Every structure is written in C-alpha cells, then in structure tokens.
Amino acid sequence: MGKKGYLAMVLHAHLPYIRHPENEFFLEERWLYEAITETYIPLIDIFDRLESEGVDFALTISLSPPLVSMFADSLLQQRYLNHLNKQIELADKEAQRTSYTPFYETALVYRERFNQSRRIFLEYNCNLVNAFKKYQDSGKLEIITCAATHGFLPLLMTEPEAVRAQVDTAVNLHKRCFGRDPAGIWLPECAYTEGLDDILKEFNLRFFFLDTHGVLFASCRPRYGIFAPVYCPSGVAAFGRDPESSKQVWSAKEGYPGDYNYREFYRDIGFDLDYDYVKPYIHPDGIRINTGFKYYRITGNSHHKEPYNPEQAREKASLHAGNFMFNRELQIKHLSSLMDRLPIIVTPYDAELFGHWWFEGPQWLEYLIRKIRYDQDTIELTTPSKYLDEYPCNQVVTPCASSWGNKGYNEVWLCRANDWIYRHLHLAAVRMVDLANSYPNASGLSHRALNQSARELMLAQSSDWAFIMSTGTMVDYAVKRTKTHLQNFLRLYDEIKNNNISEDWLKTLEDRNNIFSDIDYSIYRSRQKCLASTPNKG
Amino acid sequence: MTMFFLSWAIGIIAVVFIVFLWAKKNRLKAMGSSRVEEINQLIPDLKEEFSSELTPSGPFPENQLPKEELPHSYGIDRLVLLARDPYWLYAYWEVTATKMAEFTSTYGTWDTSWPVLRVYDVTGIAFNGQNANQYIDIGINDQADNWHINTGEPDRAFCVDLGRQFPDGRFITLLRSNTVTTPRASLSDREDEEWMWIEGIYRSIRHQYGISSPLFAEEITERARTIPLGVSSPGHWPEY
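So the protein sequences, as listed, match chains A and B.
Per this note's numbering, the first sequence starts with residue 1, numbered consecutively.
Per this note's numbering, the second sequence starts with residue 1001, numbered consecutively.
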C-alpha cells in the first residue's frame, strides 16, 4: 500500500535544578533519582536493545538544560549511585520477603531492574548525556534543547534580553554536551507569544512545538490544520500537537495508563509495610515516602487491589501499542486523502509519563516502535528536521499565543497563587541587563559575581516554581527557591554596584547554585535591535 | 516535569489518605458504624496536616534561609501589563513617593481623589493617550498594587493607565503600562487568499484544551480520592 504519512513522537524530559550539597538527604533530589531509574534509563535500555537488534527508529527528545546539568553533575551522580545501591539492597530483601507469595515475580522484576539500571549507569560513565548523545550521533534520536531553566518565556518577554539569555545559554550548553547545534527547541510548557520566534531565529533554531490551538488559532487559518508545520513570519517552523493521539496516552481515565492490569502507583511499601522494615529506605526523619516498590495492579475503581502480574501487564502494553498504531494508520489514511502532501502527526509527551507514572510506558513505546517498523507500511516515524527537509515550503502565519497548560494559555503560571513573583522577576531582569550594560569588561571577582547573578536570576525564573505554587501542594519549597534566588540576585546586584563583593559568600553561592559553569553574563547586554513589546494589532 | 511533580505530590497524599481511611474504617467498623460522610468531612483537615508535614523542614542552612521578605518596593515607577488568557489581563505597579509628592503638589491632597485603572482598547491604533477605541474604568483601592482585569475580549490590544479620579470627573494619569494583545480564542476569520481551505481536516480535529499534566492531575486526583488540588482554576472571583 505504501507510506501515506508520518508520526513524530516527541518526549520532553525536564526536572527543575535541584541540588543541595548542604544536605545529605534532600527529599526533592529524589525526583531526579526516581526519574533516572524509572524513565531515563528504561528509555536508554530500549535504545540499546533496538540498536543491537538493528531496528531502525526516529524519535525526538528534548533534554532540558537543568536536566542535562544534573546528569553531568558529579555530586548528583554519586548520590544517585548511593541511592541505587540502597534500592538494590532493598530489592534483595524484598525477593526474600515475598518468596512463596503472589508478589514474588514482581519483586524479581524490581531486582533485575535496579541491577540493570546500575549496569547501564556505569556503562555510560555515570553520565546519561553520553547515552543520549550516542543515539543522536547514530541518527536515531533528534535531541533538541529547551529554555535554560525552563522559564515561562511569554511572561518574561517584558525584558527580551532575559528571554534571549534563556535561549542563548541553552543553545550553548547543548553544543557543549552534544557536540552540535540543536535543530529545534521545546518551548517550556509550549508557551508562545508573538515575537518569541524572532529570538529563536537568532540562534538558528528551526522549529518548536505548540498545543493544537496555538497553530489552529493562528492569524490566518492554516491550510493543513495541525498536520503540517507552519512558518512564523521569522521563518521558524511551529508544529501543532495532535489531540487525538495525545489523549489516548495522556488521559489517566480514558487512556491506556488507566488499564486495570497496569501497575498501581499509589500502593507503595514505603507506606504499606512495617515501619522498622522500611525505615532505612525512607526519609531519615522517619517520614514515609515512596520507595518505588509497588506490588498491585490498578484492578478497578475501588480500594481493593489485586497483585500485579508483570506478564499480563506486558501483554496489555503490546495490545495498546497495536491499538495506538492502528488508530494512527486510520488517521493518516484519512488525512492523506485530503492533503496534497504527506501529513505529519505530532505527539508530544512529558518523558516522565513513561515509566514513572505509567510503569509500562517504556514497554509500550518499544512495542510501538517495533510494530511501526515491521507490522505495517502506512506510517513512518520521523523527526521535525526530516519533515522540514522533505517539505521546506510551508504556509506563513503568526501562531496564537498559547500554552499546553490547563485552559490553554498562561493562567496556570499567572494566577493568584503565583502572580506576586512577576514584579520581582521582571525587576531582577531589568537590573541584570543594567549590570551587563554597565560592566562590559568585568574581570576577577566582579566577573564571577556578574556570572553568579545571571545564574541566580535564571534559577528564579524556572516555570516549575510557579507551577508548583499553582497546584497548592509542596508550595513551601517552590516559594523558598524563588525567594532565595531572587534575594541572592538582589544582594549580588548591590554588592557589585557598591563594589564590596563578599568573596566568601560568592564562593558559597558558586558551589551551591553551580548550574551553567561557563555562563557569560554579557549575554544580557542590550541589543541595538531590541524587540518591542507585543505590537499593536493593525 | 509537571507529570512528575503531580504524580509524586498527589501520590504521597493519596497513599497517606488511603492508609488513614483504612484505619479509620476499621475503627468505625469496630464501633459498628460505617459513616462514610463522617470520614469525608475529615478530608480537609487531612490535607493540611499532611501537606505541611511532608514539606521538608529547614533544608536551608541559616546563612541561605531567606531572612526577610523580598522588598515590597524598588523605588521605580512602573505599571506592567501581562496577558493571562483571551479574557483576562494582569497588571502590577509601583508608585514611588516622589511620584506621589509630584501629584499632591499639583493637585492637592491624595484624599480628595481615588485610584482608578483605566483600561484602553488600543487595537489597531498608535495610542497617544486620547485616541483609544474605547476604555473602561475600574475603581480600586489605595492598598492594591496589582489587579486581575477581566476584559472578555480575545484578540484585542490593551493598554492601562493607573490614575486618580476627582469628584468632578477629572482623571489624572500617574502611570501608563505597556501594550499587550489578548490571545485568540477561535479560528481566524482570515483565509489567506493564496491558500486553499480544506474543510475535512478541521472536521477531524476534536480539540480539547490542556490535555497534558493538568488534565492528568484532575483525573488522578479523582482516582486517588483526594481533595481537588485546585490546579485547574486558581481563582475567578469578581474583581470589581
């Protein structure tokens, strides 16, 4: 029958920069450790297997600069290994504890998984950047970048230099880690506003992604809807998300992850077992937390849960991959009958959906890749770059300001719970630009202080803090991080201006908030051709 | 990350809650009762109790702990306008003591006038202060330093003045904001003449906003039987 269209799977991998050398155990640092074991290493494991079996594939993954920086940080690498060793220790105990029970098979799965994580982690020299780069270099993965600290860019556009610095820093880090320019960028939260693409253009970024309405509600109706990219007036391409395929995977209720055979997230031995037994593996203060050992399947809507059966779950993942492919085939056949070019379906997901929340997600992804390769010939996996190479001519529109957050615009990041941050973030950005303009040739201590100012500002700008505040859970940490980085910035600003920089304090900050070791504060310098704020319509 | 954070945070609360419910249910059973309503009434307390306990206490050593709040003012006159969504704007401002002194020296005391936000529709024009398509006034109070403004108008350009109004109707501008355009909330009316409109493609798209972490949050919240986290609607109460 022959190829009738493309599917571009896009995974967005990001965690905020959380690194607390001052504390031996820091609860939020576990986000990274859990995501490495549950999502990033399982993805690498899939790539390794597909590669060794000669299965061709094409995926796009955005690795956010904070995540890349944490992968490469030696302290976090060491701490992850320690964490993993404890998990392996617990896995051995669990295999003993559960023998002759219905949970034994699952316990063995965990034991194998943690040991495998260790093997893979060590194989790539404890730096997962090496693993992703390997598959970039072999042409299977299109790795793209994201804003430096995942700043919510439309709400930072009052000071375009601050947005430019977010992009500049990200592109530089990407080049350094992956040895080439990023072809495209994942705009944090898919948040776009007019003019943002001009900044992307300065850094030769060819494309970014938008939620469905970001493309559909563009200044002119896009001819192909979301099934082909559009060009912004700057020439940067925007790809729109396909809602149908998104929902099949995203929705916990209607989508695959809610299947009764899949693993239940909410039953964890960190809460279920005797305190004395789990004590060495939970918070040192005795607070019970998730350990990652979960033995039940979703079972149904009640609290009654049946034991998890890894084999049944695997079969379900295979079935769901087949169903997903079947639906995409139908979709592509329909679309190709209406279009005079091959349609592209773009399906972006948070990478952490796979494995962390949806335990079987990585298995599903692997089945999907294999099935698309061998079981049909209607659709082909592709990446945005490949599609743009094939179709360089696209319709020009101005996309609609939008995000992929709840209600589709900026509200999640600009609501009563977090609106207070913007007066400080904007002011700090103004002052950072002032510093960069005032001290064009700083050296020595001033130079270090200026660079640290840039780090503190960027860390304060993470969209994660505003997001957490809006959810109403674990807000204290997000507020504390926002305030601390802003206060650090304000103090540095005063010290630089008054020429009384405290070296000890600066050193403490450099050690603690050490992201972007080669940052250059001069990226904040005003440009002649400064972007005006959103122009009047006319 | 959003996915990660939500499942993590909700997961902790949910598991604690389930364990708690189980214990509570057993206790009620022992008393020969199964009053679910009573249990449900306990939910709000539960959330507060555990969310504070689960927040790591004192992760910052003394020298990094924010000792004081961020400055309330920076000594800069500014009025900044942001577009929140197709229907709402957000404005924050600071009026310096110098600015206030200027005003009072020209117009007399502060008390004979009241603060007003004048929201101009400046769509399609180069705004000079006089030529707005139309404007609305929002009476505010002297304590306010920010406001969520409901314009109800997608795809329009707005500019805001913070000023003071006198009983005789005079409006004196203190600060003027930047201009922002609210996002579109529907398909454009413009069909580029050079391009063809393919009806069938649009029929095949059944769009729903925010099919990502927030939707996910609502659904898993429901499944976990926890209290809604308020991810979806952080506040829509009337402003004026």
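Keep in mind that a hint or two might mislead.
Here are some of the chain B residues that sit facing chain A, going by a computed Cβ distance under 8 Å [said to hold, decoys possible]: (1) T1002; (2) Y1074; (3) L1079; (4) L1082; (5) D1085; (6) P1086; (7) Y1092; (8) V1095; (9) N1133; (10) I1138; (11) N1146; (12) N1150; (13) S1186; (14) L1187.
Counterexamples of contact, computed for chain B against chain A with all Cβ distances above 12 Å [said to hold, decoys possible]: (15) L1006; (16) R1078; (17) G1108; (18) W1110; (19) D1111; (20) Q1143; (21) D1145; (22) G1163; (23) F1166; (24) D1168; (25) A1185.
Hint data in this document are derived by calculation from the structure and do not stem from the laboratory.
Note that the coordinates shown come from a computational prediction; the quantities given were computed from them, not determined experimentally.
Ideal placement from N, C-alpha and C gives every residue a C-beta, glycine not left out.
*So which of those numbered hints doesn't the model satisfy?*
Violated hints (numbers, rising): 3, 8, 9, 10, 12, 15, 16, 21, 25; every other hint is consistent with the structure.
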